[in-house]
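**Student:** Sequence:
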Amino acid sequence: MLDLIDQSIESFFRAAVPLSATDIDMSFEPPDRQWSAKLIRPTVNAFLWDIRKSTARARTGMEEVERNGHTVRRLALPVIELRYIVTAWTSDHGDERALLGGLMRSILRHSDIPRTYLPDGLAEVRPPSLLMARTGEEHVDVFKALEGQLKPGINMIITAEVDIDRDQPIGPEVGGVSISVADLAGGATTTLRRVAGEVVLDGDGGLAGAVGAVVRGQRHATYVNPAGRFLIDAQAGETLVLEVDPPRSVTVPASGGVRFR
-12 MLDLIDQSIE SFFRAAVPLS ATDIDMSFEP PDRQWSAKLI RPTVNAFLWD IRKSTARART
48 GMEEVERNGH TVRRLALPVI ELRYIVTAWT SDHGDERALL GGLMRSILRH SDIPRTYLPD
108 GLAEVRPPSL LMARTGEEHV DVFKALEGQL KPGINMIITA EVDIDRDQPI GPEVGGVSIS
168 VADLAGGATT TLRRVAGEVV LDGDGGLAGA VGAVVRGQRH ATYVNPAGRF LIDAQAGETL
228 VLEVDPPRSV TVPASGGVRF R
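If you read the sequence shown in the working numbering, its first letter stands for residue -12, the second for the next number, and so on.
Treat the hints as calculated values from the structure; they're not laboratory data. Watch out, some of these pointers could steer you wrong.
Keeping only pairs whose Cα atoms sit at most 20 Å apart, straight-line, the calculated EDC-like set for lysine to aspartate or glutamate is [as the list claims (entries may be wrong)]:
#1 K25 - D10
#2 K138 - D79
#3 K40 - D150
#4 K40 - D(-10)
#5 K40 - D(-7)
#6 K138 - D82
#7 K138 - D19
#8 K138 - D12
#9 K40 - E68
#10 K25 - E83
#11 K25 - D12
Bear in mind the structure is a predicted one, so any value in this text is a computation, not a measurement.
Let the sequences and hints guide you as you build the complete structure.
**Tutor:** If you want it as structure tokens, here you go:
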């Protein structure tokens, strides 16, 4: 997962700053003296120095997502904070400042890494957020990390979800509940079915003022709740009438729920 974040950062910087692939290199290695001695071209280094679980952006509960054409249910994904020190390396001091300034503006202009720059492996999570560390926040000792080399750096924080692959497929929507009651003396069996229904309240063909309206069957009646839904005892083939002006009717199917449009 960390390598996918690195790919996203490089794609983002190359497009946003921009960084020419033929003129400027991008590195994620520790920027020590041994590394810097090997540089032959201007280079942007983004060194990951801290990984921790986020508490400020943590979420709880269950959520439903589409995966490979199927709806699955999963726990809200854990969120991590990745802290990078971003530095520019050139042979000319002015070029270095200009390059570092372009990196800074790109970070300040965006609240997250646009999905355009994310690899396929991050398609199922929210785009990572992007920000610059503020005054007073914990940060790496830049000069110590660079073995005493005097070098300005940007403390960049990436906040990203981690897909831990704990999905559970969900079944079809419940359209009704059936209960069978048997007469032990006569052997007769009666099936009582609780049918779920909904009313389309908005949009083209919607029904204004349907909340609170009566839904009446042959033997039972109920009301439409504020969410536009209702439950009623009915049998397959039975006609349900929504008492609005003009009235609407539907026939209860052999399985599943009903919908008034």
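**Student:** It remains to establish, for every hint, whether it holds in the given structure.
**Tutor:** Each hint, compared with the structure:
1. A hinted pair counts as satisfied when its Cα atoms are at most 20 Å apart, and K25 with D10 qualifies at roughly 16 Å.
2. Between K138 and D79 the CA atoms are separated by roughly 13 Å; this keeps the pair inside 20 Å, and the hint holds.
3. With a CA separation close to 13 Å, the supplied pair K40 and D150 stays within the 20 Å bound.
4. Of the supplied pair hints, the one linking K40 and D(-10) holds, its CA atoms being roughly 18 Å apart against a limit of 20 Å.
5. For the suggested pair K40 and D(-7), the alpha carbons sit about 18 Å apart, so the restraint of at most 20 Å is met.
6. Taken as a hint, the K138 and D82 pair is honoured in the structure, with Cα atoms around 13 Å apart against an allowance of 20 Å.
7. With a C-alpha separation of about 11 Å, the suggested pairing of K138 with D19 holds against the 20 Å cut-off.
8. Among the hinted pairs, K138 with D12 is consistent with the structure: their alpha-carbon atoms are about 18 Å apart, no more than 20 Å.
9. Restraint check: the Cα-Cα separation between K40 and E68 comes to about 6 Å, which is no more than 20 Å; the hinted pair holds.
10. For a cut-off of 20 Å, the pair hint linking K25 to E83 stands: about 17 Å separates their Cα positions.
11. Using a Cα cut-off of 20 Å, the hinted pair K25 and D12 holds, with the two alpha carbons roughly 12 Å apart.
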